[in-house]
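Each chain is listed here by its residues.
There are 2 protein chains.
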Amino acid sequence: MDKYAPIGVFDSGVGGLTVAREIMKQMPNERVVYFGDTARVPYGSKSKETVTRFSWQIVRFLQEQQVKAIVIACNTASAIALPEIEGEIDIPIIGVVKPGAKAASSSTRNGKIGVIATDATIHSKIYSRYIKDMRPGADILGKACPLFVPLVEEGLIEDPVTDEIARRYLSELIETGIDTLIMGCTHYPLLRKTLQKTMGDDVVLVDPAYETAKECRQMLADMNLLNDTEPQLGDNPYRFFVSDEADKFKNIANTILPYGILGAKKIDIDEY
Amino acid sequence: MDKYAPIGVFDSGVGGLTVAREIMKQMPNERVVYFGDTARVPYGSKSKETVTRFSWQIVRFLQEQQVKAIVIACNTASAIALPEIEGEIDIPIIGVVKPGAKAASSSTRNGKIGVIATDATIHSKIYSRYIKDMRPGADILGKACPLFVPLVEEGLIEDPVTDEIARRYLSELIETGIDTLIMGCTHYPLLRKTLQKTMGDDVVLVDPAYETAKECRQMLADMNLLNDTEPQLGDNPYRFFVSDEADKFKNIANTILPYGILGAKKIDIDEY
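Listed in order, the protein sequences are those of chains A and B. When we follow numbering that gives the first Met the number 0, the leftmost residue of the first sequence carries the number 0, and every step to the right adds one. When we follow numbering that gives the first Met the number 0, the leftmost residue of the second sequence carries the number 0, and every step to the right adds one.
Each statement offered as a hint is correct.
Note that the list lumps identical chains together, so a pair holds whenever it fits in one copy or between two copies.
Derived lysine-lysine pairs resembling DSS-like cross-links, with alpha carbons at most 30 angstroms apart:
id: 1; residue 1: K124; residue 2: K265
id: 2; residue 1: K249; residue 2: K264
id: 3; residue 1: K142; residue 2: K265
id: 4; residue 1: K124; residue 2: K264
id: 5; residue 1: K124; residue 2: K213
id: 6; residue 1: K192; residue 2: K24
id: 7; residue 1: K47; residue 2: K264
id: 8; residue 1: K47; residue 2: K213
id: 9; residue 1: K247; residue 2: K47
id: 10; residue 1: K249; residue 2: K124
id: 11; residue 1: K111; residue 2: K196
id: 12; residue 1: K264; residue 2: K213
id: 13; residue 1: K47; residue 2: K265
id: 14; residue 1: K24; residue 2: K265
id: 15; residue 1: K247; residue 2: K124
Derived by calculation from the structure, the hints in this document are not laboratory data.
So here's chain A without its partners, still in its complex pose (with noise of 0.2 angstroms):
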């Protein structure tokens, strides 16, 4: 396996790119291929199946682009796909799941830990499933938000409309008590002022995309695969392919990340 070879990582959409940019940020030194499955979007009301044939495409696109490893920036993919795909590929690959269920077991005092995420994430269970063999007796209490990325897309972050259903869609979490809440949809952490008033200040917020490039970066030096190369003047360390539209995802992704994006190459993912 080349060290120097990129990071691949995939979303359904723009939301990963929160991912990216943590993996930009916490190592400085990788090369980053970013997929946006913009024509397909959103993940989180699909069944299964689809998401599942979604998520192959896509990881057969990112292995002909010969990444060294694979994070799967969405939530939903991360809950539903990648336990099929990773027993059958032979690259490192890794979601948003597992990381932000750690850090959530290692987070509470009194074992009670909320999920918010999509429809598919929540029903999949499978934040409980982690979180219950890093802690056992832990209690795990979802809660599907269907309406909080449309609210993020529309610009209402900050809003008297969002608090509200922010208040309806959490008032069982607090109720039950739960002292961690795992934001397990990319677009949640956006919402983060929103969530901490609503659910008080002793409420431990995980943002997954922080703890994937932390776990990313030790599973890449546990097999010792860290790129030690500083990019080069005139390189270019970041690729970004999308399905849909590329200039629409330049604009929003150059909101994002830290760097401005020179563009994006639109792919047709069906292929794959």
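Chain A is fixed; fit chain B onto it per the hints.
Here is chain B on its own, set in the frame of chain A:
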């Protein structure tokens, strides 16, 4: 052309079933083949190129089903893909935009018409184009309402949050004094009560589903393609296809359609 052949109807998902329902009601002799692109829904935030590519795949699938005519039940696909497709196939094809535009043009008294729809439909300006052909000098005011579909899908049909969002989206339309409002997305008629309350009783709400079925009937009659034979006992006049899980679709379809549907079949639309 075989007048006993079915009518093909398609949508990005389940919303187009409201159009299929009108077709079944207004033309009880007709067979219908419905396709819902549930694996790639929604279309309203995607590019013209992608929506056109998806629509072509579905048109090819419906042609393989030997349909005598195609109804695009999706406003977005009608707005941005139909103009290209209608010039290139040899069976009649209509969308929901032109019939809706026609109904609004004849309903308005003051010539001020509002259109609410997805981002893609509003940006296409296609409602304006059609209305100005039929009623030169009309003022057309478009407003994208991206939160309406998720609100409907979350079941907040009559809810203070939906009232508040409707007030925000519609206030500029109210200020301009429109007397007619086109509900330019298949989900919006489900919000009819909220929309009517927000706009006031004097504003006429146009439902393109109803107008499209009427237009389709007229078109088939003009071409001598109306089916004059009632379905026989044991016939199955309605067939449903989807790109994601069939069971989930069946459950939703059974809340929208007046008849119970026995099943839907999942097909691989990428292969068309």
